[in-house]
Amino acid sequence: MVRYFKNFNYLMFASMLALIAIGTVAIWSAGNARSEAVFHGMWKQTLATAMLGLVVYLALSIADYRKILEYGSVAAYGTALVLLVAVLAFGAKIYGGRRWLWFFQPSELSKLCIIMFVANFGRRFREFGFLGFVLTGIAVGVPLLLILAEPDLGTALTLVPAVLIMMFSLRIWRKGLFVILAVIALCGSAVMAAVYEAEKPGVTEERRAAILKWVPLKAHQVKRVKVFLFPEEDILGAGYNLRQAKISIGSGGFSGKGIGKGETNHLKYLPQAISMNDFIFCVYAEETGFIGSLALLALFGMLVVPGAWTAFTSNDERGEALALGVSMLVFAHVYVNIAMSIGLVPITGLPLPFISSGRTFLLTVMAALGMVQSVATHREVGK
Amino acid sequence: MTSIVSMIVFVLGFIVLGVNLKEVQIDESAGYNYANARQSVRRVQTAAPRGCIYDRNGTLLAGNRKSIGIVLSTTPFQKRTWEATQAEIIAAIDRTGKIVGLENPLSDKAVRRHIRQKLSMPLLVWRDIDEKALARFCEHEQELEGFSLAETEERVYPQGRLASHLIGYVGRAEGDLNAGDVKFNFSDREMRGRSGVEHYYDSFLRGVSGEKNLIVDARGFTQSESTIKVARRGLDLTLNLDAKVQRAVEQELKGCIGACVVMDPRNGEVLAFASAPDYDINEFVPILKSELYDSLAGDRRKPLLNRASGGAYAPGSTFKPITALAGLSMGIPAEAELECIGVYEVGTMKLHCARTWGHGIENLKTALRDSCNPYFCNLGMEAGTNALITTARTMGLGAKTGIDFGVDMAGVVPDDEWKRKQYGQKWYQGDLAQMSIGQSMLLVSPLQMARVAGALGTGYLVTPRIKAGEPVSRTKLPFPAKDLAKVREGMELVVSSGSGKAGGEGVGVKVAGKTGTAEVGKGDTRRKNTWFIAYAPAENPTVAVAMVVEYGVSGGSTTAPKVGAVLRSIFNG
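Residue numbers (the numbering used here), protein chains in the order written: chain A, 78 to 460; chain B, 2 to 574.
In case anyone wonders, no lab produced these hints; they're calculated from the structure. Treat the hints with caution; some may be incorrect.
Said to hold, decoys possible - Label pairs and their calculated CB-CB ranges:
hint	chain 1	residue 1	chain 2	residue 2	range
1	A	L129	B	R39	39 to 47 angstroms
2	A	I215	B	K23	40 to 48 angstroms
3	B	D28	A	A98	43 to 51 angstroms
4	B	Y35	A	L222	43 to 51 angstroms
5	B	V6	A	A163	52 to 60 angstroms
6	A	W291	B	R39	37 to 45 angstroms
7	B	K23	A	E457	24 to 32 angstroms
8	A	A163	B	D28	42 to 50 angstroms
9	B	R39	A	N392	55 to 63 angstroms
Note that the coordinates shown come from a computational prediction; the quantities given were computed from them, not determined experimentally. No residue lacks a Cβ here, since even glycine has one placed at the ideal position from N, Cα and C.
Please model the entire structure based on the sequences and the hints provided.
Below, the structure is given as structure tokens:
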């Protein structure tokens with residue numbers, strides 16, 4: 078018990094509590110701006126979920142993560158697969174996708190399950206060299222394809238860096254990983270270049286169609302890439318969301334307009350359907366300004382850097398991989414979410430951990446961080 | 002090793018985000034603030050109350066009254082679709098209408114237009130409601146969400162029809178939203194002068210409009226508003242007009258078609274300025290309805306025409322004092338005599354005298370008294386075209402008077418060049434003879450003739466002034482005092498023993514004047530425009546009058562009694 082309190086990473090815990098507090102306020106403000114009364118009390122539900130998450134977090138931090146991985150990862154992985162299939166079969170269709178099963182989103186939950194599975198079995202896959210790489214690829218690829226089928230590109234994309242960093246840490250066919258990274262970078266650039274060629278001003282309709290035939294993106298995704306490449310075009314149509322997001326964030330200025338006083342949010346210029354989820358950073362940044370944005374970045378930094386530190390100080394490969402995977406997952410969410418709000422990356426549906434109102438994701442992230450805390454509290458001191 | 006790299010990636014990632022956020026939130030913040038303001042702020046021009054118009058004694062001629070209207074704010078009726086919003090608003094208007102006891106005055110189309118074009122502005126449903134409706138509204142105000150009372154100022158003319166042509170009327174300003182350097186989205190359309198003094202002194206009366214900002218949401222519904230600049234009331238205007246004199250004049254013109262101008266010949270102050278028939282300018286408020294305008298514009302008696310300064314009449318015999326001056330200035334003595342045999346022949350043309358059997362031997366004074374046509378035809382012929390035209394123009398005819406008013410007809414003093422241009426004919430001796438007795442192609446306004454009457458009495462031609470306190474502008478007539486004295490004697494005889502006796506009856510001071518009867522038109526429209534011009538007291542004139550009445554019998558019998566009544570009201574009132 079003494080070891081638990083001695084090794085407990087208080088910085089990580091404190092920053093998480095602060096982020097929960099910020100998230101509650103942001104959801105309160107974003108919810109109040111909406112016409113539908115049901116959203117006005119959303120912050121209470123979020124806070125209640127966070128309380129539940131806190132219990133899970135503390136329980137997982139006390140429990141030995143090694144035992145959980147050993148006995149739980151297969152079950153978790155299996156459950157994730159079943160749920161992902163179930164959501165495709167029975168899920169409610171909202172905004173053109175099937176992501177909801179009853180009251181939660183299986184794809185969010187599956188993120189942790191996949192990380193647990195890789196953390197537990199990566200060690201064994203490593204022994205097979207290239208084949209191990211393939212096996213990992215299959216283990217991650219199957220649920221990933223199911224998630225892509227929902228479609229939930231954002232979730233799939235954030236899993237890739239998390240899994241890659243774990244494979245690096247577990248030394249699964251390392252030299253090939255560099256090749257993979259290069260291929261990903263190349264493919265990404267090629268897609269960008271192709272969309273640029275197709276959408277730049279003055280291109281004929283036939284040529285545009287001919288180029289886009291080769292681009293493996295859906296129409297709405299092409300549109301998002303186009304908005305990213307040409308943000309000033311069509312600001313009342315496809316570019317509206319990004320334009321309004323930037324107006325919200327930019328008009329916040331240095332110190333913001335005050336909590337609950339965000340104009341673009343309350344006047345509903347910020348797209349209401351996503352202001353509480355994917356675009357909640359805009360609500361927060363408008364009200365708290367650059368100061369608030371920096372504070373938020375600092376808090377996330379105090380969450381993920383200690384996570385990597387936990388991996389560094391862990392003397393267990395599984396623990397190291399788990400801590401790195403979870404930290405990278407959280408980082409990828411934060412980075413992509415904020416970057417898309419200011420047009421640094423194309424818009425992708427992705428929540429901001431602790432701040433967005435998605436409760437499945439909140440619980441998932443808290444459980445994952447609880448396990449990272451468990452890695453910290455269970456490390457062998459003096460070795 | 003991987004952990005260290007991760008930590009570096011994390012820190013670098015957040016630094017990249019921080020740097021980019023600084024760019025958006027600090028460097029480009031002003032631009033986004035502007036974009037935010039542009040999409041969410043609507044600038045509204047608010048109307049300024051108009052200044053009042055008073056007569057010289059402080060009688061209110063044009064003022065403002067509070068007008069209570071019921072307006073609807075669209076925001077509480079917001080529905081998911083525009084159609085549903087429109088239906089909701091119409092239902093709410095009907096509901097409220099039942100409670101306050103008023104019909105819904107707006108068509109569905111008008112409501113839709115408001116939603117499309119001016120959603121963020123309140124919709125004025127009932128304007129100018131009566132006290133009963135107001136009481137009902139106040140009683141039920143709690144239930145009438147979205148409706149409120151709006152107080153506006155409407156123009157009111159407490160003297161009714163008095164001086165309607167002089168005061169003019171106002172209309173709602175139209176579409177110059179983006180005049181000046183400020184761009185407005187909407188405007189509480191303020192009153193603009195459309196005619197008369199309201200028009201001429203519009204910038205004086207108008208005041209400075211204010212400004213308020215409406216904060217609108219993404220759909221255009223107003224969420225809040227703030228006043229940026231308070232509207233400043235326009236300045237009050239005092240006229241030289243004397244409401245009592247004006248009333249007396251209008252009393253005399255009642256039922257007639259005609260006009261009358263009364264002014265102070267010493268300084269040009271216009272004491273009365275009337276044109277008949279007139280109209281009630283209050284009926285033009287709050288908006289001039291097209292039916293009313295059409296009925297006024299279509300009236301054969303032309304009530305909208307301002308005859309006082311815009312009516313073009315042949316002066317008839319009231320021109321004779323000018324012919325007299327022209328003769329005197331050419332050295333023809335006043336004592337020169339002519340025997341009137343009732344007709345005067347120029348070539349083949351025969352000009353008849355009013356007294357068909359002739360006046361007998363006439364000199365200048367008696368000819369003025371008797372208004373003898375042959376005498377003045379002869380005098381004009383002897384003086385010559387140039388002398389006659391020059392004298393007429395010296396008396397201010399054929400040119401604008403310079404009055405501070407929108408309607409200032411120059412009229413016509415014809416000459417050879419003018420006639421060639423208009424009729425393609427040269428100037429004949431007959432034209433000269435005709436002009437000598439105020440016929441031919443001469444056209445003057447009553448305002449010009451009032452000025453002539455005053456100038457004959459004082460020796461100074463003054464510029465008429467509507468607004469009080471304006472500097473006096475006058476020019477001395479270039480005629481010797483003894484010449485003027487001769488003409489004045491003749492004009493005094495007109496009233497004491499001549500054709501214009503009725504013009505001086507019971508006035509109490511000595512009146513000098515001249516009658517005139519001009520025959521115009523042909524066939525069915527043949528009629529007589531009867532004149533009387535006068536100044537009084539004759540020794541030291543303080544009042545000059547010119548009145549014309551269309552379809553009269555003669556200047557002496559139709560118009561002189563009316564002018565006499567006006568003068569009595571001034572000097573005995």
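| said: Taking the earlier hints as the rules, which of them does this structure contradict? | reply: Structure breaks hints 3, 5, 7.
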